[in-house]
Amino acid sequence: DGGITQSPKYLFRKEGQNVTLSCEQNLNHDAMYWYRQDPGQGLRLIYYSQIVNDFQKGDIAEGYSVSREKKESFPLTVTSAQKNPTAFYLCASSTGVGTGELFFGEGSRLTVL
Amino acid sequence: GESVGLHLPTLSVQEGDNSIINCAYSNSASDYFIWYKQESGKGPQFIIDIRSNMDKRQGQRVTVLLNKTVKHLSLQIAATQPGDSAVYFCAENRSGGYQKVTFGIGTKLQVIP
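If you read the sequences in order, they're chains A and B. Per this note's numbering, residue 1 is the first one in the first sequence, and the count goes up by one each step. Per this note's numbering, residue 114 is the first one in the second sequence, and the count goes up by one each step.
Treat each hint with caution, since some may be false.
As the list claims (entries may be wrong) - 20 Å max Cα-Cα, derived SDA-like pairs, lysine to any residue:
#1 B:K155 / A:E106
#2 B:K213 / A:V97
#3 B:K213 / A:A31
The hints are simulated quantities; they were obtained by calculation from the structure and are not laboratory data. None of the values given here were measured: they were computed from a predicted structure.
Bound-form chain A, shown alone (with noise of 0.2 Å):
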């Protein structure tokens, strides 16, 4: 069965320490993403990689970092730096043509004690 796969899907973390959030696919795409969500918004984009060992900063990258060493994975860290990190984070991966339509994972709840 393809599909993304986050992990994991809670995750508490005190103030000061970092965070990883993983996010594999087998769906053999090219491009994939990371959102942020927050309660009653849009999703805001941190952070695309449209190929293996290239990655772009996206809307709201400050405080995140990312890399991309393989296809199948794309994980987020979450660094002390980022101000307000407690959201509902979200990966996303597409075939990076035609509609861009998007196949997301589960999401990952990160809290900030």
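Could you slot chain B onto chain A? The hints should help.
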């Protein structure tokens, strides 16, 4: 910039009635417009898309209308069911190089049994 707020626009509809969810978009250069459905605690799922050179597209129980003159997009759901209760996002995609998909803030659809 994108308008943000803590309270999503909400549409309450009686079960069996038709629902119409509206969206205003900003970029006249967008190539595709896409509707996503997000159930509570999950990632968004693709519903239907429409190319910028079309004004109507129908799917199963859903119809998307595009009015480029006033930059307006709507999603019509026929015979609304309780399972349709979710937040609906419109998104616009400008392809060419990186597919920049921009999401609106969403509309919450509540179906009254």
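Against the structure, the hints come out as follows:
1. Simply put, K155 (chain B) and E106 (chain A) have alpha-carbon atoms about 5 Å apart, close enough for the 20 Å limit, and the pair holds.
2. A hinted pair counts as satisfied when its Cα atoms are at most 20 Å apart, and K213 (chain B) with V97 (chain A) qualifies at roughly 11 Å.
3. For the proposed pair K213 (chain B) and A31 (chain A), the alpha carbon gap of about 11 Å is at most 20 Å, so the pair holds.
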